[in-house]
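*Asks:* Hints in hand, dock the two standalone chains.
Heads up: the protein sequence lines correspond to chains U and W, in order. If you read the first sequence in our numbering, its first letter stands for residue 1, the second for the next number, and so on. If you read the second sequence in our numbering, its first letter stands for residue 1, the second for the next number, and so on.
FYI, nobody ran anything at the bench for these hints, they're computed from the structure. Note that beta-carbon positions come from the ideal geometry of N, C-alpha and C, so glycine has one too.
So the derived list for chain W, only partly shown, Cβ under 7 Å to chain U, looks like this: (1) LEU10; (2) ASP11; (3) ASP14; (4) VAL29; (5) GLN30; (6) THR39; (7) GLY40; (8) LYS77; (9) LYS80; (10) PHE104; (11) GLU106; (12) LEU108; (13) ASP110.
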Amino acid sequence: MQLKILKEIISLKNSKKEFSVITNLKTGKSYIFFIDKTLDEDIKNLEEQIKQSYLSRRDGMIKGSDLFVKNYHRPIKVVVIGAVHIAQFFVEYARHLNLDIYIIDPRGYFASDKRFPTANIINLWPKEAFQYCPLDDNTALIALTHDPKIDDPAIQEGLKQKCFYIGALGSKKTHENRCKRLMENGFNESQTQKIFGPIGIKFGGRSAPEIALSIIFQLMTEIYKQ
Amino acid sequence: MKNAFDEKILDEADQWLEQNKKVILATVVQTWGSSPRPTGSLMIVNDSGDFSGSVSGGCVEGEVVRQCLDLIQEEKKFKKIEFKVSNESAWNVGLACGGEIAIFLEKLEDAA
Numbered sequence: 001m002q003l004k005i006l007k008e009i010i011s012l013k014n015s016k017k018e019f020s021v022i023t024n025l026k027t028g029k030s031y032i033f034f035i036d037k038t039l040d041e042d043i044k045n046l047e048e049q050i051k052q053s054y055l056s057r058r059d060g061m062i063k064g065s066d067l068f069v070k071n072y073h074r075p076i077k078v079v080v081i082g083a084v085h086i087a088q089f090f091v092e093y094a095r096h097l098n099l100d101i102y103i104i105d106p107r108g109y110f111a112s113d114k115r116f117p118t119a120n121i122i123n124l125w126p127k128e129a130f131q132y133c134p135l136d137d138n139t140a141l142i143a144l145t146h147d148p149k150i151d152d153p154a155i156q157e158g159l160k161q162k163c164f165y166i167g168a169l170g171s172k173k174t175h176e177n178r179c180k181r182l183m184e185n186g187f188n189e190s191q192t193q194k195i196f197g198p199i200g201i202k203f204g205g206r207s208a209p210e211i212a213l214s215i216i217f218q219l220m221t222e223i224y225k226q
Numbered sequence: 001m002k003n004a005f006d007e008k009i010l011d012e013a014d015q016w017l018e019q020n021k022k023v024i025l026a027t028v029v030q031t032w033g034s035s036p037r038p039t040g041s042l043m044i045v046n047d048s049g050d051f052s053g054s055v056s057g058g059c060v061e062g063e064v065v066r067q068c069l070d071l072i073q074e075e076k077k078f079k080k081i082e083f084k085v086s087n088e089s090a091w092n093v094g095l096a097c098g099g100e101i102a103i104f105l106e107k108l109e110d111a112a
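If we strip away everything but chain W, and leave its shape as in the complex, we get (with noise of 0.2 Å):
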């Protein structure tokens, strides 16, 4: 049996449009190896930088808030992220744990 932890995230990001603001909703689609949250997992970023929710442990959460800010920025409506293992040269970006996942990064808007 699995409960649906259900983090509230949703309707946190409709109390955001409510207020206004440009919200990107970001799902983990995919994970390879040990990652900290599992598939499924969400996390919202709003145009103010704001962010709730996760997709890692906090090892890549920084790196999808700048991306979310630059979708916000782009015509596009979507994009898919991924992340690695971590290397030296992105030591803030990559996962510490060795694991892959993948990231959906998406609009909460009608289309234009």
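One chain only, chain U, in its complex shape (with noise of 0.2 Å):
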């Protein structure tokens, strides 16, 4: 592989960037693929396969040809509402998953850079938040201050935008509770049953560090549920 694609792989990485590399295993040439650019000349007439294997986001050989296909897809976001214990936790533990995490606290003296150095923190109300680190069907909501001035906006939220996952901290007392609030505010029954409250697969353990690795349990089997 020529540095040139090296390097363009690892940018388009770091800018979170959907792609694939193609590699002809006889000739040894790599080609970069973009859904809505056209191919290079001589690997053209296998467009319609090379798209159907991005799509389908499985790595392999191009059927009756020299071509193998590895697809780049976007980490799937997590927002984290809390700069809490917890989340401290969560962020570490999720390093190595490539997940793209934000942790959304108005309070400023639990959103600090010595807390999180190296998460995405974003130090406002959620609506607010929100604006910079929208929500949608592909994000992943975890409500974990058990404030409900703070979690029921972004719950809301995330009910609206349909995050694939959402899950709130606090007993199944608090759960029913806040989702008779959600009920008053106009979400059905439907919507506050998505919701995983209490948070995290039970297994016994009630400690920060535990909490977050149930958490991360749950999410990861979201997502392969999905």
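*Replies:* In structure tokens:
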């Protein structure tokens, strides 16, 4: 592979672009493929199959050719509400999962760079923060403040934008009350049922690192269900 | 939904290149049967024999490193190697799981 291509792949990955790298195993030549750009003349006849491979997100050989396709996709976005203790462990554990994590907390003493040296921190109320970090159906939302003032508006936005995963910290009782408040605000039961509350997979641990682990496990399970 | 689990292999390769090392990129391009690492898995090897990433569960990495070191010495820029079910004569280079994999080795360098 030419160094120019290597550098380009690294820079595209860093800017969270989606693309594929095509390698001709007979000639050793590499190409970079974008869904909205035309391919080089010499592999143009296989454009349809290359597109299919890209869309299926499956790496592999293009049937009946010498071309190998490796796909690069944008990491899944995870928005955490609350720069709390659990969030610190969440960021730490998720480091090797290549999730694109944003932490929102209007409380400056929580949302500090010192507490989160590697994360994207937004020191604003959720509503304002979502202007910089919009939610969509490819986003996971994790509410950890268990303060309705902060969590509720975020969860409401998460439900509206159909986040594929919404989890909220708090006991069963806290969650019941939260769902009641959401219904009072015009959300229905089928929507509130989509929220994972109490958040995380139950395995007995109650410390911050253990809860962080149980959230990651639940989130990853939901990612694979999609 | 699938997350783009990225092991930062290419970034590491770039760091090695900046240290003036010769680097080979190994990519799993095909698998048959059960194989521990999926198609698209990456591993890099440099001329000091360091390696990072994986192409199997540790079954064939040793042999891949050896093949990469050979390729560094050779004129050609790339080659494809295959591993099949392990047998007694090669207990340390086969796949104990019974799968088969094809790995593409390529030099990370500009054409001479």
